Amino acid sequence: MATYSTNEFRGGLKIMLDGDPYTIVENEFVKPGKGQAFNRVRVRNLKTGRVVEKTFKSGETVEAADVIETPMQYLYSDGELWYFMDPESYEQVSADAAAVGEVAKWIKEQDMCNLTLWNGAPLIVEPPSFVVLAVTETDPGLKGDTSGGGGKPATLETGAVVRVPLFVQTDELIKVDTRTGTYVSRAKEE
Amino acid sequence: MCWQPSASLLAVRERAALLARIRDFFRALGVLEVETPIASRSATTDPALSSLATRWHGAGAPLYLQTSPELAMKRLLAAGSGPIYQICKVFRDDERGRLHHPEFTLLEWYRPGWDYHRLMTEVAELARAALLQPLLPDERIAYRDLFREGLGLDPWEADAQALSRAAQAQGIGDAARLRLTHDGWLDLLLSHCLAPSLGRGRLTFVYDYPPSQALLARCRDQRSGPVAERFELFVEGLELANGFQELTEAGEQRWRFNQDVAARVAKGQSVAPIDEAFLAAIAAGLPDCAGVALGIDRLLMRRLDVGAIDDVLAFPIERA
Numbered sequence: 012m013a014t015y016s017t018n019e020f021r022g023g024l025k026i027m028l029d030g031d032p033y034t035i036v037e038n039e040f041v042k043p044g045k046g047q048a049f050n051r052v053r054v055r056n057l058k059t060g061r062v063v064e065k066t067f068k069s070g071e072t073v074e075a076a077d078v079i080e081t082p083m084q085y086l087y088s089d090g091e092l093w094y095f096m097d098p099e100s101y102e103q104v105s106a107d108a109a110a111v112g113e114v115a116k117w118i119k120e121q122d123m124c125n126l127t128l129w130n131g132a133p134l135i136v137e138p139p140s141f142v143v144l145a146v147t148e149t150d151p152g153l154k155g156d157t158s159g160g161g162g163k164p165a166t167l168e169t170g171a172v173v174r175v176p177l178f179v180q181t182d183e184l185i186k187v188d189t190r191t192g193t194y195v196s197r198a199k200e201e
Numbered sequence: 002m003c004w005q006p007s008a009s010l011l012a013v014r015e016r017a018a019l020l021a022r023i024r025d026f027f028r029a030l031g032v033l034e035v036e037t038p039i040a041s042r043s044a045t046t047d048p049a050l051s052s053l054a055t056r057w058h059g060a061g062a063p064l065y066l067q068t069s070p071e072l073a074m075k076r077l078l079a080a081g082s083g084p085i086y087q088i089c090k091v092f093r094d095d096e097r098g099r100l101h102h103p104e105f106t107l108l109e110w111y112r113p114g115w116d117y118h119r120l121m122t123e124v125a126e127l128a129r130a131a132l133l134q135p136l137l138p139d140e141r142i143a144y145r146d147l148f149r150e151g152l153g154l155d156p157w158e159a160d161a162q163a164l165s166r167a168a169q170a171q172g173i174g175d176a177a178r179l180r181l182t183h184d185g186w187l188d189l190l191l192s193h194c195l196a197p198s199l200g201r202g203r204l205t206f207v208y209d210y211p212p213s214q215a216l217l218a219r220c221r222d223q224r225s226g227p228v229a230e231r232f233e234l235f236v237e238g239l240e241l242a243n244g245f246q247e248l249t250e251a252g253e254q255r256w257r258f259n260q261d262v263a264a265r266v267a268k269g270q271s272v273a274p275i276d277e278a279f280l281a282a283i284a285a286g287l288p289d290c291a292g293v294a295l296g297i298d299r300l301l302m303r304r305l306d307v308g309a310i311d312d313v314l315a316f317p318i319e320r321a
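As you go down the protein sequences, you meet chains A and B in turn. Here the first sequence stands for residues 12 to 201, numbered as in my numbering. Here the second sequence stands for residues 2 to 321, numbered as in my numbering.
All the given hints hold, so there is nothing to weed out.
Which stretches of chain B does chain A cover? Using the computed rule of at least three CB atoms under 8 Å from a CB of chain A, they are:
no.	segment
1	93 to 100
2	166 to 176
3	230 to 243
Pairs of lysine-lysine residues, derived as DSS-like cross-links and limited to a Cα-Cα distance of at most 30 Å, are as follows:
no.	chain 1	residue 1	chain 2	residue 2
4	B	K90	B	K268
5	B	K268	A	K68
6	A	K119	A	K58
7	A	K199	A	K186
8	A	K199	A	K119
9	A	K163	A	K116
10	B	K90	A	K68
11	B	K268	A	K25
12	A	K163	A	K119
By construction, these hints were calculated from the structure, which means they are not laboratory data. Just so it is clear, the structure is predicted and the values come from calculations on it, not from any experiment. Here a beta-carbon is modelled for each residue, glycine too, at the ideal position from N, C-alpha and C.
Turn these sequences into a full structure, and let the hints guide you.
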């Protein structure tokens, strides 16, 4: 079982605390000139996303979490699980709704996603920052309107709903920023 | 590998100017600048410190890099040097962070015939001169009063359980899980809860520590129990200096070294030879004196109002 000493603590290090995998967000070394040294760390629970503060005596060791981040291709979903493939080894993993969460509404088959795997199983699925999706339904909108002002809801092929400018029509392709869930521009078939 | 300095050139120049002001300060007062060895056959016994070691072909054993020039300077005092100061590099393994660097610059000075309260006054004067803040006010608060006022507990009376409860009440992350000694809890509460608000717009001296944290300070008995005649200086939440009414009894000093060594052995830390030359010097007669060590890098951080020690180091260890 791999362990890390507090001396090795740094942002991004993956550790096990109380049975859950965590990533270190921030590590501060606190030591009186003549006294006990501490590491004051902020850690994010990779299962829940919650950030908490922990205090360690310097020199303590903690168990390493077997967590890796890797790009994987989204294959398909059977409604319960989402299947992803390592593009190099062709190895497949399946992610449940807890791991995929809101991301399901942004990804299309063959999109490359960033997966965080814990003991080989998906913990977090990150969609590409930008995706191109077809509009399946939106109001026809007003003639002569250019961009800016107003906007209207549009339903995309994945089921996501975003606000788009009035000139965007059904069946058009648009580019969306998945980090903010906002329309970026119209897009052409890639 | 990054070749550029991490400090700005302004910080490099300010360091030179700060050192010049410190030397002017002591020259005007007739305090002698001295140099003592950085590498020595003996090392600190303090369980809170770990030494770096090197080798010299003539020694046949490791030489340890000083964690402070204290013991060698006291040998000079015992030899009759009179008031002395030193600006030197010191080394501490296992210390790296926003405010810590394993190699740093210390100013240390000794005043024979002075008591530690008089030395605090001089430390404040030096800090004002070095920071170019002639009107910076100073205040003094006893360690016991600091805990009473800040946390509502007496650090001499409160047991580990009460200190643990206080740490949890203060919201120290996951404090309930920690297993600490009495002094460990006090260190936690001081560094996490009390120190950050000390020295705001002023120089704050904390003095008279629990005897278990005396280190090389003399202890005296009070009606409320023994106290160690030790002080620390905080500026804007930053611990800048540590001073003592120096212990001058050889027997007591040897006993403390042996206690330290026992604590190191119990914790599985390395143990280096005790400094017998220093003990011989004390036995020959160390004059009554007060002494203090002040971190130059942190003083420069205050001068420049920067948040990290790397901002004032030309090349931190990762670039060394």
